[in-house]
Amino acid sequence: MHSADRLARLFLLPLFLFVAAFFLLPMVRLVGVAGSGPNGMAEYVAILTNPRHFATLVATLALSAAVTAATLAIGTVVALFLARNRFWGRPLLVSCLTLPLAFPGVVVGFMVILLAGRQGLLSSLSMGLGMGRWVFAYSMAGLFAGYVYFSLPRVLVTLMAAVEKLDPALEEAARSLGAGRFEVLRDVTLPGIAPALMASGAIAFATAMGAFGTAFTLATRIDVLAMTIYTEFTLNANFATAAALSIALGLITWAVLALSRNLAGGGVAAAG
Amino acid sequence: MKTHRLTFAFQLFVTLLAAAFLMVPAGASILAGFTANYFRGVSSGLTLDWVKQVLALYSDTIWLSIGIALGTLAATLVLAVPAAWALVRRPSRLARIVEEVVTLPVAVPGLALALALILAYGAIREFRMSPAFILTGHVLYTLPFMLRAVMAVLAAVDIRSLEEGAASLGASPLQRFFHVVLPNAKGGILAGALMVVTLSIGEFNLTWMLHTPLTKTLPVGLADSYASMRLEIASAYTLVFFVMIVPLLLALQLFGRTTGSAR
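Residue numbers (the working numbering), protein chains in the order written: chain W, 1 to 272; chain E, 273 to 535.
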């Protein structure tokens, strides 16, 4: 098997060189640039010490947590419904719910504009009903809608697979032992799909933290971390701050994904 | 188990609402792309003018995106498929570390990745100005998907015993790779390829930072049109994007159902 080992090493070499040259080296450079600004090493913790950046961090974390909670709640209801019921049109419904899986953030932003923008559907609907004009696309609420739109299909795919693997006999046993509907849900069903909830929740959270396309389409006025990094880099040419903030952002998303992978026990394929 | 009627009604309501939330804006965008004046509604007439204008204005972005997607696919095939075999055939600490490092770019936001690339290589003008700069970013971002898809299939078919069989018949390692490993990995390669092309065509986070005025991809053009064009043109452009991406997504769905584990 010696020659096979040599071939394997030869096969790994291009991958290693590519990742070293275009990922590891640039990351080292990023860390270097972050520490080379007028504030020196202090820039690394600017996200915590600079009140404006800290406020942005808190807002981004809160938004991501809200998106995760909402997506998981909707996703669980829909996944349980679709996995437990067979009816005419179900495959079509599943397709509709999972098709936007790979819509990029910019397109999702445009969907929010069409839904809740100045010429949006909700705007004309609320006008028609005489309830004033609903326009929330260009605010934190629009961003929230966009991230839920972005993450819902992914979460659904994972949750539906998990619900289908769940043994219905467990729930029946709990019922026959006298547990109520809510108790079965709380004590049997939800713990059963907990790893899937954890995994898809982590991806939804990480995506909402780092996504840039949706925020970019909706407005430059929304203070989330990704927009701050972008403005610092392109408009203010403040490379050190942009680098330091993106390191902080990268550490947060990486930690969330790694944590969920350890808790949920492998098999978590992260998606950008 | 019979579902309670009220529970059923509630679940159905949430499901339909979610489907409407996802599909209605997409439908509105398709309709707007064909409507003469969206503000006045469909009564203003249907037209193909907006689509024609988009093709006249933005066809270079469409071709560039297709080119970069195919280039990304070629690069990920060459880099990831042989490596996936090497990693699966002898699971070790080193193999774990390599897999972990290659997968890292997915966990790091595209913005950070793009900044790092610009800071490291932005000074090399020929590279910075060429589509190869975007290509590099896309390869970095999609590599893990190809690697994982192929590794999952190779692990599922127990490639090691198949290879041992071929080896006992006197096949050299290279022969085994081409005649045993590749045919068995076909499903994973196809699933990975669909994923890579879909992701590359839609990639924006990295691309927006890496592009130059002469290297605009489709999503970059989309962002431009959302910011500066009338709604009908932006919608028609989105429509063109849907025409490109939806067949890929449908293929991914179909394929995911038959192979299951490859995702």
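Just so you know, these hints were derived from the structure itself, not from any lab. Where a beta carbon is used, it is the ideal one built from N, C-alpha and C, also for glycine. Please note: incorrect hints may appear among the correct ones.
Calculated Cβ distances over 10 Å to all of chain W for the following chain E residues [claimed, not checked]: (1) 335; (2) 345; (3) 365; (4) 389; (5) 400; (6) 434.
Calculated Cβ distances over 12 Å to all of chain E for the following chain W residues [unchecked claim]: (7) 48; (8) 49; (9) 69; (10) 131; (11) 132; (12) 134; (13) 185; (14) 187; (15) 202; (16) 263.
According to the in silico footprint, chain W covers these stretches of chain E (three or more CB under 8 Å from chain W) [to be verified]: (17) 290-303; (18) 321-332; (19) 453-465.
A quick look at each hint next to the structure:
Interface exclusion of residue 335 of chain E from chain W stands, the closest Cβ pair being 18 Å apart, more than 10 Å. Consistency note on residue 345 of chain E: stated as away from chain W, and its beta-carbon is indeed over 10 Å from all of that chain's, at 15 Å minimum. Under the 10 Å C-beta cut-off, the non-interface status given to residue 365 of chain E relative to chain W holds; the minimum distance is some 14 Å. For residue 389 of chain E, the condition that its CB be more than 10 Å from all CB atoms of chain W is violated, with the nearest at approximately 5 Å.
The beta carbon of residue 400 of chain E is kept farther than 10 Å from every beta carbon of chain W, the shortest such distance being approximately 13 Å. Consistency note on residue 434 of chain E: stated as away from chain W, and its beta-carbon is indeed over 10 Å from all of that chain's, at 13 Å minimum. Separation of residue 48 of chain W from chain E is adequate, the least Cβ-Cβ distance of about 18 Å exceeding the 12 Å criterion. At roughly 20 Å from the closest C-beta of chain E, the C-beta of residue 49 of chain W stays outside 12 Å, upholding its exclusion from the interface.
The beta carbon of residue 69 of chain W is kept farther than 12 Å from every beta carbon of chain E, the shortest such distance being approximately 15 Å. Non-interface status of residue 131 of chain W relative to chain E is upheld: no Cβ of that chain comes within 12 Å, the nearest being about 19 Å off. At the 12 Å boundary, the C-beta of residue 132 of chain W stays outside the reach of chain E, the nearest C-beta of that chain being 19 Å off. The non-interface label for residue 134 of chain W is consistent with chain E: the shortest C-beta to C-beta separation is roughly 14 Å, beyond 12 Å.
The beta carbon of residue 185 of chain W is not kept farther than 12 Å from every beta carbon of chain E, the shortest such distance being approximately 9 Å. With 12 Å as the threshold on Cβ separation, the claim that residue 187 of chain W sits away from chain E holds: the shortest Cβ distance comes to roughly 15 Å. With 12 Å as the threshold on Cβ separation, the claim that residue 202 of chain W sits away from chain E is violated: the shortest Cβ distance comes to roughly 10 Å. At the 12 Å boundary, the C-beta of residue 263 of chain W stays outside the reach of chain E, the nearest C-beta of that chain being 15 Å off.
With 10 residues bearing a CB less than 8 Å from a CB of chain W, the segment 290-303 of chain E meets the requirement of three and the coverage assertion stands. Look at the segment 321-332 of chain E against chain W: 0 of its residues bring a Cβ nearer than 8 Å to a Cβ of that chain, fewer than three, so the hint is violated. Note: the segment 453-465 of chain E has 0 residues with beta-carbon separation from chain W under 8 Å; the three-residue rule is not met and the coverage is violated.
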